[in-house]
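K.L.:
Numbering (the working numbering), first residue to last: 1 to 402.
The set of hints was computed from the structure by calculation and includes no laboratory data.
Every residue gets a Cβ at the ideal spot worked out from N, C-alpha and C, and that includes glycine.
One thing to keep in mind: the hints can contain errors.
Beta-carbon label-pair distances, calculated as ranges [to be verified]:
1) G352 x M264: 34 to 42 angstroms
2) S236 x L3: 37 to 45 angstroms
3) S236 x K197: 43 to 51 angstroms
4) P89 x I154: 16 to 24 angstroms
5) R379 x V90: 52 to 60 angstroms
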Amino acid sequence: MPLALLALAIGAFGIGTTEFVIMGLLPEVASDYGVSIPTAGYLVTGYALGVMFGAPLMTVLGTKVSRKRMLMLLMGLFIVGNLLSAVAPVFGVMLIGRVVASLAHGAFFGIGSVVAADLVAPDKKAGAIAMMFTGLTVANVVGVPLGTLVGQSIGWRVTFAIVAALGVVGLAGIAKLVPDMPKQEGVHLRHELAAFKNVQVLLAMAMTVLGFGGVFAAITYIAPMMTHVAGFADGSVTWLLVLFGLGMVGGNLVGGKFADRALMPMLCVSLGALAVVLALFTLTAHNKILAGVTIALIGALGFATVPPLQKRVLDQAHGAPTLASAVNIGAFNLGNALSAWLGGLVISAGLGYTAPNWVGALLAAAALVLAFVSAGLERRDNASAAVPATETVAPQPAAVHH
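Using the sequences and the hints given, assemble the complete structure.
P.N.:
Here you go:
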């Protein structure tokens with residue numbers, strides 16, 4: 001794997017850290033600004049919305065520049081947003097900083113996926129994408145716990161300053177290690193938009209929303225589920241999330257490896273196993289050891305779907321994949337928001353803290369159904385393509401003259 005992937009992974013590590021670390025620092029931020037916890041929660045919601053809308057917006061704006069330059073500009077935006085958050089004098093300014101940083105998120109992973117895939121041989125593309133996403137998964141194991149610890153012991157502003165410094169390292173790495181990859185000639189915005197007419201691209205994005213949404217239906221409510229149902233102490237939640245992050249790292253790497261060999265089978269197996277494990281979580285959540293194992297499995301199976309889904313979009317949007325790739329990153333965040341809302345509904349309905357696991361299982365099962373539909377359409381299209389374009393006419397028997 002080329003060193004340029006390391007630079008992309010460092011950028012992904014910084015982005016993953018800033019996305020999730022705020023969840024552990026909400027009480028400190030709310031206290032400093034004199035706002036309620038729900039109001040401070042807008043820092044999470046604002047970031048997610050920024051990713052969803054920023055992914056296509058920044059990608060469209062970047063169609064006029066090379067991919068390397070656009071990646072550098074996005075890291076610059078990420079640095080500015082986190083510095084603004086670190087020094088924000090009032091809550092509104094910090095919210096702006098979070099949104100500014102989020103604008104870089106979707107486009108960075110979208111364009112970065114295209115660049116990573118172009119850096120390697122065709123049979124290693126999913127592995128290269130997985131290598132970049134390793135930065136995001138490792139952030140949940142290392143960056144988020146350390147960032148939370150620093151924020152709680154020294155100050156949350158220091159955490160965001162450190163994240164900005166990570167962005168500087170990522171920017172320098174991209175400038176030094178990523179080769180110049182000029183903008184594809186003849187590919188315009190209309191070509192990028194045309195990819196969305198492809199039903200396979202839309203199916204892959206729907207699988208992204210539902211499949212990863214299944215993961216976040218459970219993980220969003222992991223704290224009350226583990227403290228009220230499994231009986232863990234409040235301080236144990238951080239380490240349970242580390243288990244989730246370790247599962248993500250392993251699943252991401254395995255998903256990337258096997259997606260290069262058999263993409264759709266890998267995707268179907270991952271989604272099917274994820275649906276089963278999420279359903280079982282309603283039972284295992286009552287036992288500390290089984291709950292910990294299940295959380296790691298959810299992380300592994302959930303992120304095993306990421307490289308194949310991202311590669312699926314790249315393959316189906318061939319020729320103009322950049323916008324579709326970025327929008328698919330936004331689809332992950334749409335799935336997160338949708339599943340968190342649905343999980344909250346079933347808890348509010350009095351079905352208990354384990355009820356979101358059933359929501360997650362149903363979402364993952366729905367994604368599996370779409371995967372079967374997508375594979376079936378692909379087999380039909382391949383069979384049609386195998387039929388010769390021109391039918392050979394059977395020779396007519398010669399007329400017999402008497």
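K.L.:
Does each hint fit the structure? Answer for all of them.
P.N.:
Hint by hint, here is what the structure shows:
Between G352 and M264 the C-beta distance comes to about 36 angstroms, which sits within the given range of 34 to 42 angstroms. In this structure the hint that S236 and L3 lie 37 to 45 angstroms apart at CB holds, the actual value being about 38 angstroms. Between S236 and K197 the Cβ separation comes to about 49 angstroms, which falls inside the hinted range of 43 to 51 angstroms. For the hinted restraint 16 to 24 angstroms between P89 and I154, the CB-CB distance of approximately 19 angstroms keeps it satisfied.
Taken as a hint, the range 52 to 60 angstroms holds for the pair R379 and V90, whose Cβ atoms sit roughly 57 angstroms apart.
Checked against the numbered hints listed earlier, the structure breaks none of them; every hint is satisfied.
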